[in-house]
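Numbering (my numbering), first residue to last: 1 to 299.
Read the hints as simulated data drawn from the structure, not as lab findings. Yeah, the Cβ is synthetic: ideal placement off N, Cα and C, and Gly gets one too. Hints are not guaranteed to be accurate.
Under the rule of at most 25 Å between Cα atoms (straight-line distance), these lysine to any residue pairs were calculated in the SDA-like manner [claimed, not checked]: (1) Lys203 / Tyr286; (2) Lys91 / Lys103; (3) Lys103 / Val229; (4) Lys91 / Thr288; (5) Lys103 / Arg201; (6) Lys259 / Arg186; (7) Lys248 / Lys221; (8) Lys42 / Leu243; (9) Lys182 / Ser27; (10) Lys103 / Arg186; (11) Lys221 / Asn120; (12) Lys259 / Thr183; (13) Lys259 / Leu290; (14) Lys56 / Pro15; (15) Lys56 / Lys221; (16) Lys56 / Leu8; (17) Lys221 / Arg186; (18) Lys91 / Lys259; (19) Lys259 / Asn222; (20) Lys70 / Pro15; (21) Lys56 / Tyr286; (22) Lys42 / Asn222; (23) Lys269 / Asn240; (24) Lys91 / Tyr286; (25) Lys91 / Asn127.
Estimated spans, in silico, between C-beta atoms of each pair [said to hold, decoys possible]: (26) Glu289 / Gln192: 40 to 50 Å; (27) Asn128 / Asn278: 23 to 33 Å; (28) Ala11 / Glu251: 22 to 32 Å.
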Amino acid sequence: MKKIIDRLLAATVHPEQLILKEWIGLSNFNINLSSPKGAQSKRRLCLFSHYDPDGKIDDYVTFYVQSLHKLGADIIFISTSENLVESEIEKVLPFCIHLIHRKNISLDFGSWKIGWMRANSMFGLINNYDQLILANDSVYGPFFPISEIFSTMESRELEMWGMSSNQEISYHLQSFFLVFEKTALRSEALNQFWNEFLFYRSKSRIIQEYELGLTELAKAKNWKTGAYVECDESHPLGMNSTLFSWDKLIEQDRFPFLKTEVLKLNRAKSPRISEWANILKIQSSYPTELVQHHLDRVL
Numbered sequence: 001m002k003k004i005i006d007r008l009l010a011a012t013v014h015p016e017q018l019i020l021k022e023w024i025g026l027s028n029f030n031i032n033l034s035s036p037k038g039a040q041s042k043r044r045l046c047l048f049s050h051y052d053p054d055g056k057i058d059d060y061v062t063f064y065v066q067s068l069h070k071l072g073a074d075i076i077f078i079s080t081s082e083n084l085v086e087s088e089i090e091k092v093l094p095f096c097i098h099l100i101h102r103k104n105i106s107l108d109f110g111s112w113k114i115g116w117m118r119a120n121s122m123f124g125l126i127n128n129y130d131q132l133i134l135a136n137d138s139v140y141g142p143f144f145p146i147s148e149i150f151s152t153m154e155s156r157e158l159e160m161w162g163m164s165s166n167q168e169i170s171y172h173l174q175s176f177f178l179v180f181e182k183t184a185l186r187s188e189a190l191n192q193f194w195n196e197f198l199f200y201r202s203k204s205r206i207i208q209e210y211e212l213g214l215t216e217l218a219k220a221k222n223w224k225t226g227a228y229v230e231c232d233e234s235h236p237l238g239m240n241s242t243l244f245s246w247d248k249l250i251e252q253d254r255f256p257f258l259k260t261e262v263l264k265l266n267r268a269k270s271p272r273i274s275e276w277a278n279i280l281k282i283q284s285s286y287p288t289e290l291v292q293h294h295l296d297r298v299l
């Protein structure tokens, strides 16, 4: 019954009704550039999902957005912070082509749906890009040049990939960072996925239908998929390595992100949680004060 009610409610939501305000970004479009060969010259569109309970755009988020901008991505920034402080928008305005403040329904996937819609209706852009990046602010980083990851993944010739995979519920690419290459990006299947998107309120329904659903879609369409770091099936806690093996990922795999949940909740009870700053300082030049300032505010 709950599923039926959730679906009925979701079917009544029109994405345009969720948009509260929009801004034109100050970043120039990279879409007009010719597309030389190589992983660092692909034309990229990034849909970036943001939420902050205090209506802030934290400095660690600005750093992340700026890193994506340096990668050459055209960024559409979508925030679901109910009390978004409008002056905060100025922090990321220089790095984005468009910014949207919307009502908070359907979490990150709802933001990506609206970003996809705007990219098509306002700009008509999707089919002009070589890659689509879905990202959110649930991670600190990148600790290493993100271009390194894209170069590595370029050599694998995948059609859809993520930073990490997960065995919880079933194998899937984790949605905090997903990339669709040209074949998948311009496919009717992905277009249909977003056109048929429903704004569910249930988090578990969103995970099942959309986070797991994207990997299932890729499998159904025989897209070649993979993760920068695959989950460790041999380890009982390896189902979600971003939570249970965060230190190993950074130290051994040059994994560029750390889930904010690890430092805020530490539900995996990592014995090295107090060492996070030292680990980052040894392995990376990332400004750890960005993380500490965020933790000081939210904890």
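Going down the list of hints, with the structure as the test:
1. Annotation: proposed proximity of Lys203 to Tyr286 is violated, straight-line Cα distance about 32 Å (limit 25 Å).
2. For the hint pairing Lys91 with Lys103, the CA-to-CA distance comes to about 21 Å; that is within 25 Å, so the pair holds.
3. Between Lys103 and Val229 the alpha-carbon distance is near 33 Å, which puts this suggested pair outside the 25 Å criterion.
4. Restraint check for Lys91 and Thr288: satisfied, since their Cα atoms lie roughly 19 Å apart, inside the 25 Å limit.
5. Restraint check: the Cα-Cα separation between Lys103 and Arg201 comes to about 12 Å, which is no more than 25 Å; the hinted pair holds.
6. With a C-alpha separation of about 30 Å, the suggested pairing of Lys259 with Arg186 is violated against the 25 Å cut-off.
7. With a C-alpha separation of about 33 Å, the suggested pair Lys248 and Lys221 falls outside the 25 Å cut-off, and the hint is violated.
8. Restraint check for Lys42 and Leu243: not satisfied, since their Cα atoms lie roughly 31 Å apart, outside the 25 Å limit.
9. For a cut-off of 25 Å, the pair hint linking Lys182 to Ser27 stands: about 23 Å separates their Cα positions.
10. Restraint check for Lys103 and Arg186: the C-alpha separation of about 28 Å exceeds 25 Å, so the hint is violated.
11. Only pairs whose Cα atoms come within 25 Å are accepted, and Lys221 paired with Asn120 is accepted, the gap being roughly 23 Å.
12. For the given pair, Lys259 sits about 29 Å from Thr183 by alpha-carbon distance, which is inconsistent with the 25 Å threshold.
13. At roughly 14 Å between alpha-carbon atoms, Lys259 and Leu290 fall within 25 Å of each other, so this suggested pair holds.
14. As the CA atoms of Lys56 and Pro15 are separated by approximately 23 Å, the hinted pair is consistent with the 25 Å bound.
15. With a C-alpha separation of about 40 Å, the suggested pair Lys56 and Lys221 falls outside the 25 Å cut-off, and the hint is violated.
16. Only pairs whose Cα atoms come within 25 Å are accepted, and Lys56 paired with Leu8 is rejected, the gap being roughly 33 Å.
17. The suggested pairing of Lys221 with Arg186 holds, with an alpha-carbon distance near 13 Å, which does not exceed 25 Å.
18. Of the pairs offered as hints, the one joining Lys91 and Lys259 holds, with about 22 Å between alpha carbons and a cut-off of 25 Å not exceeded.
19. Note on Lys259 and Asn222: the hinted pairing is violated, with a Cα-Cα distance of about 30 Å set against a maximum of 25 Å.
20. Of the supplied pair hints, the one linking Lys70 and Pro15 is violated, its CA atoms being roughly 30 Å apart against a limit of 25 Å.
21. Distance check on the hinted pair: Lys56 and Tyr286 sit about 21 Å apart at the alpha-carbon level, within 25 Å; holds.
22. For a cut-off of 25 Å, the pair hint linking Lys42 to Asn222 stands: about 23 Å separates their Cα positions.
23. The straight-line distance between the Cα atoms of Lys269 and Asn240 is roughly 14 Å, inside the 25 Å bound, and the hint therefore holds.
24. As the CA atoms of Lys91 and Tyr286 are separated by approximately 19 Å, the hinted pair is consistent with the 25 Å bound.
25. Simply put, Lys91 and Asn127 have alpha-carbon atoms about 29 Å apart, too far for the 25 Å limit, and the pair is violated.
26. Checked against the hint of 40 to 50 Å, the C-beta distance between Glu289 and Gln192 comes to roughly 44 Å, which is consistent with it.
27. For the pair Asn128 and Asn278, the supplied restraint of 23 to 33 Å is violated, since their beta-carbon distance comes to about 44 Å.
28. Between Ala11 and Glu251 the C-beta distance comes to about 47 Å, which lies outside the given range of 22 to 32 Å.
Comparing the model with each earlier hint shows violations of hints 1, 3, 6, 7, 8, 10, 12, 15, 16, 19, 20, 25, 27 and 28; every other hint is respected.
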